[in-house]
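Colleague: As a plain string of letters, each chain reads:
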Amino acid sequence: MRLERRAHVPLGLAIAAPFAAVLVALLLAGLLIAAAGADVLEAYRRLAIGAFGSRLSLTETLTRATPLMLTGLAAAVAFRAKLWNIGAEGQFYLGALAAAAVGASGLGLPSAIGIPILMAAGALAGMLLLLGPLLLRLRFGVDEVVTTLLLNFIVLLFVSMMVEGPLRDPTAFGWPQSVPVEAAYKLPKLLPRSRLHIGLAIAVAAAVLLFIVQSRTVFGFESRAAGHSPAAARFAGISLSGTLVKVALISGGLAGLAGAIEVTGLKGYVTTDLSPGYGYSGIVVAMLAGLNPIGVVVTALFVAAVFVGADGMSRAMGIPSFIADVIVALSLLTMLVALLLVGYRVRK
Amino acid sequence: MTEALDILTQASLWAAVLRIATPLIFGTLGALLCERAGVLNLGIEGIMTLGAMVGWLSVYWGADLWTGLLCAALAGAIAGLLHAALTVPLGLSQHVSGLGITLLASSLTYYVYRLVVEQGSSPPTITPFQPLAIPGLSDIPFLGPALFAQTTPTYLAIALIAVTAYVLARTPLGLAVRMVGENPHAAEAQGIDPTRVRIGAVVAGSALMAVGGAYLTTSAFNSFFPTMIQGRGWVCIALVVFASWRPGRALAGALLFALFDAYQLRLQHVVGALVPYQLFLMVPYVMSIAALVVMARRARVPQALMQPYRRGER
Amino acid sequence: ADPVKVAGIHGDPVENAWNSRIHEALLSAANDGLIEYTFSEGVAGTDYARAMREYADQGAQLVWGQSYAVETEAREVAADYPETAFLMGSSGGPSGDNFGVFGTRNHEAAYLAGMLAAGLSKTGTFGSVGGYPIPEVNLLINAFRLGVKEVKPDAKFLNGFIGTWFDPPKAKEAAFAQIDAGADILFGERIGTADAAKERSVLAIGSLIDYMPRYPGTVFANAMWYFRPTVDAIVADVIAGKPVGRDYTEYSFMKYGGNDVLFDTAAVSAEAVAAMEAKRAAIKDGSFTVTIDETEPA
Amino acid sequence: MSAPAPSQDERPEVLRLEGVTKRFGSLVANDAIDLELRQGELLALLGENGAGKTTLMNILFGHYTADSGRVVAFGRELPPGKPRAAIEAGIGMVHQHFALAGNLTVLDNVMLGTEKLTRFASDRTAGAKRLAAVAERFGLGVDPAARVGDLSVGERQRVEILKSLYRDARVLILDEPTAVLTTQEAERLFATLKVMAAEGLSLIFISHKLGEVMAAADRVTVLRGGKVVAERRAAATSRAELAELMVGRRVARPEREAQAPGPVRLEAVGVDVTEAGTKRLDAVSFAVRSGEVLGIIGVSGNGQAALGRLVSGLAIPAAGTLSLEGEAPTDFSPRAFVAAGIGRVPEDRNTEGAVGEMTLWENAVIERLRTPAFSAFGFVRRSKAMAFARDVIARFDVRGGGPGTRTRLLSGGNMQKLILGRNLIDSPRILIANQPTRGLDEGAIAAVHAEILAARKAGTAVLLISEDLDEVIGLADRVQAIVKGRLSPPVPADGLDARRLGLMMAGLWDEASDAA
Ligand SMILES: Nc1ncnc2c1ncn2[C@@H]1O[C@H](COP(=O)(O)OP(=O)(O)OP(=O)(O)O)[C@@H](O)[C@H]1O
Ligand SMILES: Nc1ncnc2c1ncn2[C@@H]1O[C@H](COP(=O)(O)OP(=O)(O)OP(=O)(O)O)[C@@H](O)[C@H]1O
Ligand SMILES: [Mg+2]
Ligand SMILES: [Mg+2]
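Chains as they are written, first to last, in the numbering used here: chain H, 48 to 395; chain P, 3 to 316; chain F, 914 to 1211; chain A, 57 to 572.
Hints may be right or wrong, so weigh each one.
[What the hints assert, rightly or not] Here are the simulated lysine-lysine pairs, DSBU-like style, with alpha carbons at most 35 Å apart:
#  : chain 1 : residue 1 : chain 2 : residue 2
1  : H       : Lys129    : A       : Lys335
2  : A       : Lys185    : A       : Lys138
3  : F       : Lys1035   : F       : Lys1192
4  : F       : Lys1111   : F       : Lys1197
5  : A       : Lys335    : H       : Lys293
6  : A       : Lys138    : A       : Lys335
7  : F       : Lys1168   : F       : Lys1111
8  : H       : Lys129    : H       : Lys293
9  : F       : Lys1035   : F       : Lys1155
10 : A       : Lys138    : A       : Lys172
11 : A       : Lys440    : H       : Lys129
12 : F       : Lys1111   : F       : Lys1069
13 : H       : Lys236    : F       : Lys1155
14 : F       : Lys1111   : F       : Lys1065
15 : A       : Lys440    : H       : Lys293
16 : F       : Lys1111   : F       : Lys1155
17 : F       : Lys1062   : F       : Lys1192
18 : F       : Lys918    : H       : Lys236
Hints in this document: simulated from the structure, not taken from any laboratory. Computed from a predicted structure; not experimentally measured.
All chains, please: the whole structure from these sequences, using the hints.
Modeller: Laid out in structure tokens, this is it:
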């Protein structure tokens, strides 16, 4: 078997492929649903309802997509420059912790000032966290895949230490959690009676901004050059370390911002189960989007819809809720293959 | 202070080190095999989960322990085959495929476990591997109880290090594996099919990872719990780099990591309340990063790692 | 009457000892025809509020859950669904008419188990392995220690936290570490602890669930937690149409049958049992209260 | 077409290609090609960049599968797409881009695939012995235990050939084997190839260098646009004819005209460069004047790379002074050097010269993106950049795509023209041309040379670093040899011949000046 790059991608194929991918994933998942003794067609119907079928499900899908967009962007900008930031999970948590710490420190600022400060605190924490592995790479040649991965564990333990220690909410008698941020700093809701908050708007704006930065600015140009060919970039006078530092600041900053938004947009305080792996899913989202910032928005919505729909379906059908992750994983893998087949043709 | 140092002279500490290291050795060897052939396998966390469940379930359903490990290996091999199919002939992103496999393998594992196993008040048990004192050797003072009173899979893990090192360095097959990891074009030019070799390595490596997971449910413990792998797979990915892609150093890395872990569990009683326990738990990770800094210059990355090889494309 | 529709939202897989107690209690209530029970497990913090809303929308009359990580959001949901009753494992207080809370209290049983254990130790050192130092874990370990001290004031204690709820092999290693440091009785808040005890032929005490069938000869006592009294209490309130916005923690206390010590009579001396039984009676009639100490054990 | 000598025809045929056609998308890389090879024959395959030579050889060896046509080796048809089958049939191939693993040893590289994969132990002792014997027989000595990454290019070339000989290849294909070799190494290689042919091996080699083709080949086949356009006996053709057949029109390298040089623009006095603890340049001195080409000739590995980095702003002198227009730069960086008006053509166009994944327009402006001409407030001025790129493409005849084409898709010659073009378009004061025509075909070489001479005429000071004697003699006004990081005193190019250059490159500077 051989793959050959298509000279022209047929439009019909490009449109049909993602649907085919989801269809295949659902067919495979159907076997599992049937194995649990549930009505497969009804399950599919429930899945669609769960993802888009009501005001609740629609707003929930958007809410869950928000952090995925930001961590997806964090991965996309870093991977473009071949900075393998696998540490968005850690940056997310540290960003959330920083925002919560500032937001609970009793500054008493008005929302219009306080919220940006919290966002900045979160982004800054994420930035600093990624700078460490980057410096180790630049200075000692340490592979950042591993250091950023290991830092995720360290940060989670650090967060745990903080929410059980200095940042612990003394009024919450039990569970370790940080002091809640002041009510003024909670992100405004986009829709009343829903969880949807302006974080979504921030994420979409970030995507558009990043798209412009990547495609239109000198920095975007240089980070692409540095990613594709460090030697050529260096020869052309592009500072590799300078570019990578900026990339790391953006990437870590976005992941940190994701944490800050999640904490101020939803529950208002930090616990060690704030993220169901948003940092890791962000990588998948970014790669599925071909590292394109606008694509990240779309794929984040896709991943969130599949999860929210399948999660709701499992509850409605009374089958093990792990099915939601199974369907997400299947969709990811089939989507990956479908996107390949759009660009390539299989021969012999 | 002396108490903290005394811990190091306890044979039981070193026995614990070997126990904690065993799943890491399997996992690291598996990841190393994949990476030497040029394929990063981030599916490891899920594959270990799958192995833990399948190994345990086979025994629970009546197989003997070794058959259980074999079934785990088989399940791992199948998951590995999926990763290989996506990343080798199709040349898809190894990051995404790997993370996807982790998500798929673990969620599928939990789902199936839920469907097939009745829940009692605590998860059902099997009779796990029992420590096997090697006659003669286990009587040596200090070393005996420290090293030679483990369960058989631990001895197997250590033997596999030697076997892998030998295969990679001294056999034609090992050379082929190394070559496809360094330059698949060169391998193809000499009549070796890089696709097949890579698939083979990923399948074999994934089988080893699954056995590492199965060790947790058939030797370290006797039940399966969802999420019980607890990041051990990710640690293995780090250990491969720490080991500069050499099996011998992988053993050293796994032992070192396990030493930090075993040591911190004991140190907690010595300096207990003075220090937040999280700091102890951080130690293995922090030390790994420190070790990476020291080793980085000497590491020799397989040159074609993460580079897809598609025939007839340049 | 028709069974009450109950939906459970477990933040962890139902294997988790704590969740398994609730899960079992709800299953048994369902078996008795008292309720109809569906559940979700492993629900992440971000998804928790949605799960609550979905169940409420689907017509659950009572939503059981654990709101530790989502206290504010959970209360918002309850406010949006005044017709639905909510019962949450929570570290905060009840709210409104329909948001009830409960705490986990098997400390009395742990205290009694400590009394039984005191006489069985040769080394005088007692270990314990916990997941995280949260109050509900801390107060348990501290109550066990108080029970031991009641009988053996000079006892020494060791403790290890493993930073996870779900790593039995690690709990086992932590237990080994304590046995190596001289402990010969282990209080196992985490599963895995007793496995180490079994391998080294020392004794262990279980918490929440009954570990004796699983570790015969090793686990000689359990600080059992029974959730059924709580279930019965709130279901009765729901059926009676009473507001459930109150604290149901009391139903975990021994006097309601919410916790108790379960032990192997063959393993302990008659005097120890007699002393323990006396205390047990005192607890039940209210003449003795086990101190609740939520500070992190060293 | 002259009839081949009958004695040749009686030699047994070892290899035959019939009607081989290969398309890449809409491009026909090979169009119904027929080719045959006889025992003991040295066949040269000639053609401009992109003519389809490598593609044809890749089909023959089984790397690519032909769309139609067949390959017959020793009377038996080879299954398509199976390198293993080609190897087993006795065919060996030395690839244009070496197929070696730098991290593995020479012996590893050679032994790969020679033993059954199911063997429990590799017999490395026997392998080493055999390798030594083969190396001895053909005069291709290398250390079997050396790491390939540590070897020089010439040594790697030898390893590539040894790989095939080790397997007793009876047909050997060499794709541009001399593109990266020095003249001496190339001569040695051809001597070896002749020995092989005498021993009965049949060889096909691809080259752009007409001199060596004429000297070494028995027969020449010329490809153009994927078709065989001519076949000649080497003895019965000429360089000029071959050049014309290749390109389809007459090509002649431009001649340098006499011209009085202007003031010194680039000067080094006693400069040392140390990299990674090793002294790469040792007290080198040179001066390049406006309107003059200074040629630096030398066997590769003698410090050319460090010299190139020094004058490109990538290396900082450890001692001595480097001055631009009489002033020592305060900032040693590529950007500062570009700003100072230095045009730089790097040694390796693929890794340093251009970012293959980026478009032509992006590579056209990459060096000066930060100047106000191409960016404002951090934003790229796209239309300006596009216009600039179009200008470069038009004026330097870059073929193979427009400004939006990915640069990777250009052939080597066109990529080189793009790099030269972006440097020359606004007449730089100084031009550094490092191996500017490596791997290019005759037509492309002529074009590049013409550009360099035009720059010289316009007053640019050109520093030409090259291993190609013809190129240096053809372009340079003065020549210095680089040997072990040291530079010989400059010698006027007029009247220089290959023998004197050879002496200079060997470090025998006094003998060279005596020979004048
Ligand atoms: N893998 C490929 N995919 C797409 N097109 C290709 C591929 N390989 C070669 N081509 C096309 O085939 C043509 C012939 O390329 P080939 O490499 O055979 O040229 P060549 O004669 O060897 O050139 P050179 O002298 O520069 O090495 C090229 O112009 C190119 O367009
Ligand atoms: N992926 C591709 N698709 C289409 N054409 C390609 C592709 N890759 C390379 N080519 C074409 O293949 C031909 C040969 O490419 P190659 O990289 O061998 O350059 P080259 O001309 O041989 O340069 P050099 O002299 O540096 O070896 C070029 O004409 C180029 O256009
Ligand atoms: Mg070629
Ligand atoms: Mg070429």
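Colleague: Quick check: which numbered hints come out false for this structure?
Modeller: Of the numbered hints given earlier, those the structure breaks are 6, 9 and 16, listed in rising order.
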